[in-house]
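**Student:** So you can see what is in the structure, the chains are spelled out below.
2 protein chains.
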Amino acid sequence: MRVKLLIEYDGTKFCGWQKQRDCISVQETIERAICNVFGDALMPELYGAGRTDTGVHATGQIAHLELADEKLTEKWKNNLLRLHIAINANMLQSGARVLEATEVSDDFHARFSAKMRHYKYVILNRNVNSPIYEGRVWNIRRKIDENSMNFAAQFLRGTHNFNAFRSSQCSALNPVRTISNVEVSRKGDLIIVKISAKSFLHNQVRITVGTLKEIGIGAKNPEYIKYLLESADRTQAGPTAPAFGLYLTKIDY
Amino acid sequence: MRVKLLIEYDGTKFCGWQKQRDCISVQETIERAICNVFGDALMPELYGAGRTDTGVHATGQIAHLELADEKLTEKWKNNLLRLHIAINANMLQSGARVLEATEVSDDFHARFSAKMRHYKYVILNRNVNSPIYEGRVWNIRRKIDENSMNFAAQFLRGTHNFNAFRSSQCSALNPVRTISNVEVSRKGDLIIVKISAKSFLHNQVRITVGTLKEIGIGAKNPEYIKYLLESADRTQAGPTAPAFGLYLTKIDY
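Sequence order for the protein chains is H and L. Using the working numbering, the first residue of the first sequence is number 1, and each one after it goes up by one. Using the working numbering, the first residue of the second sequence is number 1, and each one after it goes up by one.
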C-alpha cells in the first residue's frame with residue numbers, strides 16, 4: 001500500500017527536507033517517527049515532492065511511502081485517519097507535523113507525479129523588525145512599491161531560460177522552466193509573492209524574490225527582469241532572499 | 001516633553017506588561033533600554049495603555065514617558081524618529097520592539113486617555129497543531145461553526161454587567177463594561193475574534209473567547225451568552241482561552 005502524507009514544518013528547526021549527515025532534516029525526523037509507529041527495524045524511505053532548503057517552511061509539503069509488509073498494510077489500511085496522529089506523537093516538539101495520511105495508487109510518486117508546485121514568500125515592509133513574525137518573514141526597511149514588483153514579475157510568466165535565477169550550485173542540466181503564475185500583493189505591512197511552476201531550479205524562488213525586491217525599492221526598473229532573462233547571467237540578478245520568508249504551500253497532482 | 005511609544009511584543013517571552021519581581025516584563029525591558037539610551041541613573045517610568053497578562057501578544061500597545069530633564073528633551077526633541085531605533089538597539093533579542101515614538105501634549109496619558117482598546121484572538125481550527133503558528137494561536141480540534149459564534153457574540157454588544165466574564169481575581173469595583181464591537185470570522189483554518197471596548201475586566205477577552213468557543217463547537221447554544229449576562233455567574237461561563245492566542249492590536253485616543 002502506498003501512502004501520501006501532507007506535511008507542515010517550521011523550516012528554522014531543520015537543515016532542509018533532505019536527509020544529510022550530522023544535521024536534523026525533515027525527512028529523517030518523519031522517517032524515524034514512522035519507524036517508531038511501525039515498530040519496525042527497517043527505516044521506511046520517504047519521498048518528498050519539494051526538497052526545500054535549510055530554513056524554508058512548508059504548509060503543504062507532500063511525501064509518499066510504501067508499506068511493503070502485509071501485516072502493516074492490513075493494520076493501517078482502515079486506520080489511516082489515525083496514522084498521522086501516531087506519527088506526530090512520535091515527533092512532538094520537532095517542528096514538523098503530518099496533517100493527513102491518505103492511500104494512493106501504486107503509480108503515485110510525490111516528486112515525479114507533481115503537476116504544479118506553489119510557493120509563497122512573505123516580506124515585512126516596515127522600518128522595525130517584528131518579534132511576532134521573527135523567523136517567518138524577510139524584513140525590508142525601505143518602502144516597497146508592490147505594484148512595480150507585480151508589473152515586473154509578469155515578465156517571468158511562461159517558458160524561459162532561468163539561468164540568471166538559479167544558484168551557482170544548481171545541478172539541473174536544463175535551465176529552462178515554465179512559470180505558470182506569479183503575483184505580488186500587499187496586505188498592510190506585508191508583501192506577499194506567490195509563484196507557481198511544475199518545477200523550479202535551485203534557489204529560483206529566492207533569487208526571483210531578491211531580484212523583484214530590487215525593483216520594489218526602486219533600485220532597478222521593471223525591464224531589469226527582461227534583461228536578466230535575455231542575458232541569462234546570474235551575476236547580474238539580485239541577492240538570494242533569505243530562506244525563512246519562503247513557504248512551500250501546495251503541490252498539485 | 002511627553003513621548004508616546006507604539007510597541008509590539010511576543011507575549012511568550014514575558015510575564016506580561018507590568019513590572020514585577022523576579023520576572024521579565026515588557027515594561028521593565030523597555031524602561032531599562034530607555035535608561036541605557038539616556039545614559040541616566042534614574043529609570044524612566046513607562047505608562048502602558050493595556051496591562052496585558054503573561055503570554056498575551058501586542059502589535060499595537062501604547063505607552064508614554066516623560067522627559068523631565070531639559071538637556072534630554074533638547075537632544076531628542078528633533079530626533080524622535082531615531083529614538084525608537086536607539087531603544088530597540090538596547091533590547092535586541094528581547095521579544096519587544098518600539099515601532100515609533102512621537103511627541104504628545106502634556107495631558108496625554110497612555111492609559112487614562114484611551115478611548116478604545118482593540119483586541120484580536122486567533123484560533124487554529126484543525127485536527128493537528130501547527131509548528132509554524134506555535135505560540136501564536138489556540139488550536140481547537142473540533143469543527144467550529146464561526147457563524148453561530150458570531151451570532152452569539154452579538155448579544156455581548158452594548159453595556160452589560162460582565163461579572164460572568166471576568167477572572168475571580170479581577171479587582172474592578174464595577175463589573176459593567178461596554179462592548180462597542182465584536183465579530184467572529186473564518187479565513188481558511190483560522191477563526192478570528194475581534195473585540196473592542198473602552199476598557200475590559202481582567203481576563204474578559206479570554207473568557208469571552210473560551211465561552212464563544214463552546215458555542216462554536218456546538219456544546220452550548222447562542223442563548224447561553226444571554227443567560228450568562230443575566231446570571232452574572234462566572235462559574236457558569238466557558239474556560240479562559242489561553243493567553244498566546246490573544247493580541248492587543250490598537251488603542252484609540
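To be clear, the hints were calculated from the coordinates, so they are not data collected in a lab. Any given hint might turn out to be false.
Identical copies look the same in the list; a pair holds intra-copy or inter-copy alike.
To be verified - Straight-line distance between alpha carbons at most 30 Å, and here's what the computed DSBU-like set of lysine-lysine pairs gives:
id, residue 1, residue 2
1, LYS187, LYS250
2, LYS198, LYS143
3, LYS198, LYS187
4, LYS194, LYS120
5, LYS71, LYS187
All figures in this text were calculated on a predicted structure; none of them were measured in a lab.
**Student:** Take the hints in turn and mark each one as holding or not.
**Tutor:** Going down the list of hints, with the structure as the test:
no.	hint	verdict
1	LYS187 with LYS250	both (21 Å within a copy, 17 Å between copies)
2	LYS198 with LYS143	neither (32 Å within a copy, 34 Å between copies)
3	LYS198 with LYS187	both (27 Å within a copy, 27 Å between copies)
4	LYS194 with LYS120	both (5 Å within a copy, 26 Å between copies)
5	LYS71 with LYS187	neither (51 Å within a copy, 41 Å between copies)
Consistency note: the structure conflicts with the earlier hints numbered 2, 5.
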